[in-house]
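Between the sequences and the hints, there should be enough to build the whole structure, so can you do that?
All the letters of the sequence shown, read from the start, carry residue numbers 3 to 321 under the working numbering.
Wrong hints could be hidden among the right ones.
[Said to hold, decoys possible] Cross-link-like lysine-lysine pairs, in silico, BS3-like; alpha carbons within 30 Å at most:
#1 Lys312 / Lys281
#2 Lys116 / Lys5
#3 Lys303 / Lys229
#4 Lys116 / Lys281
#5 Lys281 / Lys148
#6 Lys148 / Lys58
#7 Lys148 / Lys244
#8 Lys229 / Lys281
#9 Lys312 / Lys244
#10 Lys8 / Lys303
#11 Lys68 / Lys312
#12 Lys8 / Lys195
#13 Lys303 / Lys116
#14 Lys103 / Lys68
#15 Lys148 / Lys296
#16 Lys116 / Lys296
#17 Lys8 / Lys148
#18 Lys5 / Lys103
#19 Lys296 / Lys237
#20 Lys312 / Lys195
#21 Lys281 / Lys103
#22 Lys296 / Lys103
#23 Lys229 / Lys244
#24 Lys195 / Lys58
#25 Lys103 / Lys229
#26 Lys296 / Lys281
#27 Lys5 / Lys303
#28 Lys237 / Lys303
#29 Lys148 / Lys312
#30 Lys296 / Lys244
#31 Lys116 / Lys68
#32 Lys8 / Lys296
#33 Lys8 / Lys237
[Said to hold, decoys possible] Restraint ranges, calculated between C-beta atoms of paired labels, are given here:
#34 Asn274 / Gln47: 44 to 54 Å
#35 Pro286 / Val203: 36 to 46 Å
#36 His27 / Pro279: 37 to 47 Å
No lab work stands behind these hints: they were computed from the structure.
Don't be surprised by glycine CBs; every beta carbon is placed ideally from N, CA and C.
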Amino acid sequence: MNKEAKIYIAGANGLVGSAIVRRLHSNGYTNLLTPESSALDLTDQQAVATFFQTQKPEYVFLAAAKVGGIHANNTYPAEFIHLNLAIQNHVIHQSYLSGVKRLLFLGSSCIYPKLAPQPMSEEHLLTGLLEPTNEPYAIAKIAGIKMCESYNRQYNTQFVAIMPTNLYGPGDNFHPENSHVLPALIRRFHEAKQASSSEVVVWGSGTPLREFLYVDDMADGSVFVMKLDDATLTKNLLNYPKPCFVNLGTGVDVTIRELAETVKEVVGFEGNLVLDPTKPDGTPRKLLDVSRMKTLGWTAKVSLREGIEKAYCWFLDHF
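Below you can see the structure in the form of structure tokens.
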């Protein structure tokens, strides 16, 4: 991507999209298209078509999505599958019609089977049953991957995808019910500290293992993939039946209990941590095999402790 290229970031105001915008700006890219959802409804097929016909972006980062944690996925399954399918169908198809040079689709590690071998490699996609609590969202993301793959096969497009592990950091959703586990813990421990509570209750048994990636690391990896030369991209991500996507993570996981204890320390909460095993745990373990990304020449840089400290500072500044 040359520095003058017109780049469209779908979902530019969200956790993922805003991090990609920060990374692009730091790398010297200034010709960015970042319309807010109020100005461009990505679930409106005609609105998306008009946008691509008039703006004609050269590169697209598809980071727009309906996202949430276990509670949100269980409560709004129809919204999760309907809205995500609509968004990605419209953006990917219009990218093809308008001749976009390269598109990057942001997926999620929940695409893998609930009981996939650990760590999970790209080849484990569609080899088993999904985790029921987020199956509608996962199916939408799998459809996005396969859509990119199908357009590459039929139209020789350069539509690729990355599958990030659990993301967190500046711009996160800290809603007490609809957020992911790490921001939810940050808010819960902070409010307990402010209220001088004696304990904080954490959902589940505390034994599931999760991997976390600081969102600015994710953005760095995303831009890295978009800037790969044609030969490297073709060999590694456009060579069907090789997967057209690559895992993005740290390759290191922690238990939910260990995560909660780290957040407790960073926030400075001095009460007790109590686990509630009556609440759902979700998938027992979700660790990505990141060897493919390492082979391409990229690794994550921000440690979990450092990332939580940065995320908590952002939370304090904005809430």
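Hint check results:
1. Lys312 / Lys281: holds (29 Å)
2. Lys116 / Lys5: Not OK: Lys116 and Lys5 at ~41 Å, beyond 30 Å, violated.
3. Lys303 / Lys229: holds (19 Å)
4. Lys116 / Lys281: holds (18 Å)
5. Lys281 / Lys148: violated (33 Å)
6. Lys148 / Lys58: Given pair Lys148, Lys58 holds - Cα atoms ~24 Å apart, limit 30 Å.
7. Lys148 / Lys244: Given that 30 Å is the threshold and the Cα spacing comes to 12 Å, the pair holds.
8. Lys229 / Lys281: Distance ~43 Å between Lys229 and Lys281 Cα, so the pair is violated.
9. Lys312 / Lys244: violated (37 Å)
10. Lys8 / Lys303: Distance of about 28 Å is within 30 Å: holds.
11. Lys68 / Lys312: holds (25 Å)
12. Lys8 / Lys195: violated (46 Å)
13. Lys303 / Lys116: holds (28 Å)
14. Lys103 / Lys68: holds (26 Å)
15. Lys148 / Lys296: The hint holds at about 23 Å.
16. Lys116 / Lys296: Holds: Lys116 and Lys296 sit about 25 Å apart, inside 30 Å.
17. Lys8 / Lys148: holds (26 Å)
18. Lys5 / Lys103: holds (15 Å)
19. Lys296 / Lys237: holds (15 Å)
20. Lys312 / Lys195: holds (18 Å)
21. Lys281 / Lys103: Distance of about 46 Å is beyond 30 Å: violated.
22. Lys296 / Lys103: holds (25 Å)
23. Lys229 / Lys244: holds (20 Å)
24. Lys195 / Lys58: Violated - the C-alpha atoms of Lys58 and Lys195 are around 50 Å apart, more than 30 Å.
25. Lys103 / Lys229: holds (12 Å)
26. Lys296 / Lys281: violated (36 Å)
27. Lys5 / Lys303: holds (24 Å)
28. Lys237 / Lys303: holds (26 Å)
29. Lys148 / Lys312: Distance ~35 Å between Lys148 and Lys312 Cα, so the pair is violated.
30. Lys296 / Lys244: holds (17 Å)
31. Lys116 / Lys68: holds (21 Å)
32. Lys8 / Lys296: holds (28 Å)
33. Lys8 / Lys237: OK: Lys8 and Lys237 at ~26 Å, within 30 Å.
34. Asn274 / Gln47: 44 to 54 Å: holds (52 Å)
35. Pro286 / Val203: 36 to 46 Å: violated (21 Å)
36. His27 / Pro279: 37 to 47 Å: About 45 Å separates the Cβ atoms of His27 and Pro279, which means 37 to 47 Å holds.
In summary, the numbered hints that this structure violates are 2, 5, 8, 9, 12, 21, 24, 26, 29 and 35.
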